[in-house]
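Q: Line order of the protein sequences matches chains A and B. For the record, in the first sequence the residue sitting at position 279 is 278 according to numbering that gives the first Met the number 0, with numbers rising by one throughout. For the record, in the second sequence the residue sitting at position 88 is 87 according to numbering that gives the first Met the number 0, with numbers rising by one throughout.
Hints listed in this document are in silico derivations from the structure and should not be mistaken for laboratory results. Model, not experiment: these values are computed from the prediction. Backbone N, C-alpha and C fix where the C-beta goes; we use that ideal spot for every residue, glycine too. Treat the hints loosely; a few may be bogus.
[Unchecked claim] Reference listing, derived: stretches of chain B covered by chain A, where coverage requires no fewer than 3 residues with Cβ under 8 Å from a Cβ of chain A: (1) 41 to 52; (2) 69 to 81; (3) 98 to 108.
[Unchecked claim] Okay, derived cross-link-like pairs now, BS3-like style, lysine-lysine, Cα gap no bigger than 30 Å in a straight line: (4) A:Lys125 with A:Lys158; (5) A:Lys309 with B:Lys178; (6) A:Lys309 with B:Lys128; (7) B:Lys130 with A:Lys309; (8) B:Lys68 with A:Lys309; (9) A:Lys220 with A:Lys125; (10) A:Lys204 with A:Lys180; (11) A:Lys358 with A:Lys180; (12) A:Lys198 with A:Lys93; (13) A:Lys399 with B:Lys68; (14) A:Lys325 with B:Lys81.
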Amino acid sequence: MIFLALRYLLARKKQSLLTLLGVALGTAAYITFSAIMTGFQGFIIDQLVNNDAHVRISARDERKTEQQFQSLFFKDIEHTFWATVPSGQDQASKIDYPLGWYDRLKKDPLVLSFAPQIGAQIVFTKGGLTQGGRLQGVIPEAQVKVTNIENYMQEGSFKSLSIGARRVVIGAGLLRKLGAKLNDTILVSTGKAETIPFKVTGVFKLGVTTLDDAYAFAHLKDVQTAIKRPSEITDIAIKLTDVNLAQEFAHQYSYFGLDQVKSWDENNANILSVFSLQDFIRSFITIAIMVVASFGIYNILNILVNQKQKDIGILKSMGYDSENIKTLFLVQGLILGILGGCIGLLIGLLMSAYLSTLKIAGMTDHLMVNFSYQIYLTGFLMASLSAIVSSYLPARAASKLKPIDIIRSGE
Amino acid sequence: MIQVTGLKKSFGTPAQEILHGLTFQIETGQFVSITGRSGSGKSTLLYSMSTLDSPTAGEVLFDGVNIQKLPDPEQNEFRNLKMGFIFQFHYLLPELTALENVLMPARRTERHIQLKNKGMDLLESFGLKEKINRLPKELSGGEQQRVAIARALIMSPQYVFADEPTGNLDSINGQTVMKILSELAHQQKTTVIYVTHDRDFAALADQKIFLVDGRMQE
Numbered sequence: 000m001i002f003l004a005l006r007y008l009l010a011r012k013k014q015s016l017l018t019l020l021g022v023a024l025g026t027a028a029y030i031t032f033s034a035i036m037t038g039f040q041g042f043i044i045d046q047l048v049n050n051d052a053h054v055r056i057s058a059r060d061e062r063k064t065e066q067q068f069q070s071l072f073f074k075d076i077e078h079t080f081w082a083t084v085p086s087g088q089d090q091a092s093k094i095d096y097p098l099g100w101y102d103r104l105k106k107d108p109l110v111l112s113f114a115p116q117i118g119a120q121i122v123f124t125k126g127g128l129t130q131g132g133r134l135q136g137v138i139p140e141a142q143v144k145v146t147n148i149e150n151y152m153q154e155g156s157f158k159s160l161s162i163g164a165r166r167v168v169i170g171a172g173l174l175r176k177l178g179a180k181l182n183d184t185i186l187v188s189t190g191k192a193e194t195i196p197f198k199v200t201g202v203f204k205l206g207v208t209t210l211d212d213a214y215a216f217a218h219l220k221d222v223q224t225a226i227k228r229p230s231e232i233t234d235i236a237i238k239l240t241d242v243n244l245a246q247e248f249a250h251q252y253s254y255f256g257l258d259q260v261k262s263w264d265e266n267n268a269n270i271l272s273v274f275s276l277q278d279f280i281r282s283f284i285t286i287a288i289m290v291v292a293s294f295g296i297y298n299i300l301n302i303l304v305n306q307k308q309k310d311i312g313i314l315k316s317m318g319y320d321s322e323n324i325k326t327l328f329l330v331q332g333l334i335l336g337i338l339g340g341c342i343g344l345l346i347g348l349l350m351s352a353y354l355s356t357l358k359i360a361g362m363t364d365h366l367m368v369n370f371s372y373q374i375y376l377t378g379f380l381m382a383s384l385s386a387i388v389s390s391y392l393p394a395r396a397a398s399k400l401k402p403i404d405i406i407r408s409g410e
Numbered sequence: 000m001i002q003v004t005g006l007k008k009s010f011g012t013p014a015q016e017i018l019h020g021l022t023f024q025i026e027t028g029q030f031v032s033i034t035g036r037s038g039s040g041k042s043t044l045l046y047s048m049s050t051l052d053s054p055t056a057g058e059v060l061f062d063g064v065n066i067q068k069l070p071d072p073e074q075n076e077f078r079n080l081k082m083g084f085i086f087q088f089h090y091l092l093p094e095l096t097a098l099e100n101v102l103m104p105a106r107r108t109e110r111h112i113q114l115k116n117k118g119m120d121l122l123e124s125f126g127l128k129e130k131i132n133r134l135p136k137e138l139s140g141g142e143q144q145r146v147a148i149a150r151a152l153i154m155s156p157q158y159v160f161a162d163e164p165t166g167n168l169d170s171i172n173g174q175t176v177m178k179i180l181s182e183l184a185h186q187q188k189t190t191v192i193y194v195t196h197d198r199d200f201a202a203l204a205d206q207k208i209f210l211v212d213g214r215m216q217e
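Just chain B, with the same shape it has in the complex (with noise of 0.2 Å):
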């Protein structure tokens, strides 16, 4: 569960407020959609929440736990067991394969040999199977949109932060990276929050957040 108290988040000088104190609570499992239109705060609120950033003022607390509060080991170790991110662009390793880049975040605790086969498994229900040892200059959008969807998942994270994930497909590949999270948070329990432009994949969640100005409105 992550529960988020009084979160506010300015910038710049004089602080300019983008969130301005907001409570809510995701329960476990939740498909989690957040929109509003652009600078409604919605990225900032989805990176607040997954300590990329830090709040100007209140908690988010993750199964009663202040991350932001740990020493940065714990952080870090938090961020690569636990939390799978997914951004607008794929951001791939280019000299790396679509598996090498899928095994990166178990590189981290020497564990991507281990991980070697779910890697490809996961790859392969992704429809990649053919793919796995390509650059991701050599797969098309969607493709390495897949593949980053993989690499966040390779740890069996608790929760995925996904940054506008269709933002840069088609509607094709649109709808099954949609598919592809929707059936983590139902089938696998995972907590996925997802930042959308688009009203028929916010529409798709459990619980709905929907941004005015850094403020949730029903």
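Pulled out of the complex, with its shape left as it was, chain A reads as follows (with noise of 0.2 Å):
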């Protein structure tokens, strides 16, 4: 039947195209939606999991509350009214014993690293121009064993923090603002202590711009006494074996202290969240692009059947079956839907290809697009069996038609 399929297609060689046009652009549409926005989710997904850590155990930053001050001030006294209810936070949160997480981080097989981290809001000076950033002081041995930030070098090397002291590898935008370049020396200011110059040995592009045009990392030492916090930290940093684990990683480690134990993913649930609306409207204008496809199948087998009954008729009588007429119109479809679906998957293809070498000022610096071999089987999937779903109504009525009723009306 395939045969009389390819001829009825070519046969009618515009209504073929525009059906098969439909089905590529909504195949194109979907794989091209998909690269933009699954690309650019990847990335951004890549950074957090991977310039940040898996897990993070930071300093809980909690708020005195009037009970604190009434034990503090007035424990003999049953009742305490307040003029003025007393607030406030301590000045600096830090994480208490972070020894006990050393030790029992040390003994966990599914830690494959952790750093201690400590970080301070910096105002950077370098000739007249200043720049306020966040410095984040770490151990560079155990950093680059947590994150990929060695791949994101752009000059110099992150190692080079432990070199000597009072060295800083930079973010290339903050480098830039401040108009300094590698191996000149910046100024750091805290705001309650001297400024203290630090060397720049090294600078990174991570391609997320509010962290290139933000963030500076220094020797977690240097970073301490810079602020005045000997020995404290703020945060451990861990990366475990599986980033899959994370979410009960974090919820186990969150019984053993005060601190506050956060997986990569609970850090950034709003952005999630943010992707997971993003997909729901992909999915949804894309299954809109499809069912329009698949009406338009839909419509010229519906028409087709109908056009040719008496064919149907004269098939039948000459012993072919009802499975023969199915496959006839369902054939149709199918080639309709396979090659409608390569031909989109070829437009998206070069669509992505076009799009991914377009610089767009923002978060990156150019487009971020996927060319996952899921996205191009999801897109082929979908139009085969959508070809397949909309060709089927039609070929079943068509091999429910009985030839005695087609001729008779011929007659």
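Assembling the complex is the task here: the two chains are given apart, and the hints tell you how they should meet.
A: Here's what the structure looks like:
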């Protein structure tokens, strides 16, 4: 029946081409949407997972409650009435007992590596230029085992932080804003101590503007000294053997102390919820496009079945059975679906390739495009499946026609 | 041999009987005409005999076998291998050439390549040698009907059922078609059963079935 199905399609070139185009554009739209959206999402998730930590233990920023003030100042008084209710917060939160965490983390087989950190808001100065940002104190050897920061070094090396005191690895955007270059000295000011000179020994570029324009890394001890918080840490970044265990791991560890333990996805729940919304919109748009394309196939075949009733009658009189007739119309739908799907894959691939070359302003310097085979496979399966579904009904209707009814109606 | 026993056919609700218990038999290789006025049940009889339609009662045996009682696959195979149909309208597939149309029954069993030469010979014998690659729309009415006859004969059927095969043709083309069918019966021993309004064409038959209101008349 493939022979006859092809002849039917070729005899209606314009109709067939338009239907084919509908399927192809639907598939191409799905691939392009998905490539851009999942490309961007994948990039962001990669940044979140690999440039931060799978799990982060952080000092809890606890607000002081009036009960705390009462137990401190008026512990013998049963009812205290405040003229002005007191409030406040610790000057600087810290992890109270990091060694306990280190011990536990070292023994845990799920932990690949961990890195203690201290973070501080800093004002960077170079000449007359000043720029606010965040200085992260790290142990370079531990930090590179937890994150991929080394892969994003533009100049210098991350481990150069250990070679001498007061060295800084700085984001490319921040460096540019300060008008500095590698090996220059910049001044770091915490606001409560004197300014301290740091030598730029490395430049990183993660491709995320908000990080590249504001972040810098220095050795843990240098930062602790600079902000006058010796031996203190604010965070422990942890890399696990399997990132998928992060949430469960964080949940279990949250019972071991008062510090906050959060997995990367909990820390970025708002971003991930935006991604979920994007995925929903993408699926909705794609389904809408494929439904339109499916209706195209359904319509063309439905019209064809009506036009071809006499052919169906004569074919049945020749001994062709209902299954043959069903196949005749299903094959046409499948040809439109598969061929349209293939053309759609090609258009989608070309569109994606073109889009990946586009420079855009924003979080990344160029459009992130996902070329994963899964997108193409899903696009192709969707086109084929919608073709099968939309051609099944007309095919079944055709197969049920009785030759005698058709022949009699032609008399 | 075809044996028809007590063949009845009704249509509609309440049932209106069109054929009233017909009984007759047709010997192999006979040239048989079915005639009668409009509404006498000629075509109904032809289609009820030929398995395209099922009788309300009675049975039709082909060499002792009731084809209607066979499972669908076997019925289809019997129709494909043993029966040929010719209709008043040619019913050629408009997308296919004359030769491709002729070979359509053979395609069902993938024998179209094997029977290609036979198809060409049939078309040549019907005076269509130059037109084997023409589409139906490029042929005249008579030529289209001859292609339809070639299609009915490609599988060398034992039985050919023709429903007013000349009904849509002028007299010259009509005579040509009847000559082909008559030769088929008399020279190749194919049983040909045809419905006609034309008395001259009916007179050519070896066996004449004349229907009046669904009953046979001598």
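Q: Against this structure, judge whether each hint is valid.
A: Consistency of the hints with the structure:
1. 41 to 52: holds (count 4)
2. 69 to 81: Our answer is that it holds, as 8 residues pass the Cβ test (under 8 Å) against chain A, meeting three.
3. 98 to 108: holds (count 4)
4. A:Lys125 with A:Lys158: This hinted pair holds, its Cα atoms lying about 23 Å apart.
5. A:Lys309 with B:Lys178: Between Lys309 of chain A and Lys178 of chain B the Cα gap is close to 27 Å, so the pair holds against 30 Å.
6. A:Lys309 with B:Lys128: The hint holds at about 26 Å.
7. B:Lys130 with A:Lys309: Judged against 30 Å, a Cα distance of about 23 Å means the pair holds.
8. B:Lys68 with A:Lys309: holds (26 Å)
9. A:Lys220 with A:Lys125: holds (22 Å)
10. A:Lys204 with A:Lys180: Roughly 14 Å separates the two Cα atoms, so the pair holds.
11. A:Lys358 with A:Lys180: holds (25 Å)
12. A:Lys198 with A:Lys93: Roughly 27 Å separates the two Cα atoms, so the pair holds.
13. A:Lys399 with B:Lys68: Holds - the C-alpha atoms of Lys68 of chain B and Lys399 of chain A are around 20 Å apart, at most 30 Å.
14. A:Lys325 with B:Lys81: Since the Cα atoms of Lys325 of chain A and Lys81 of chain B sit roughly 24 Å apart, the hinted pair holds (cutoff 30 Å).
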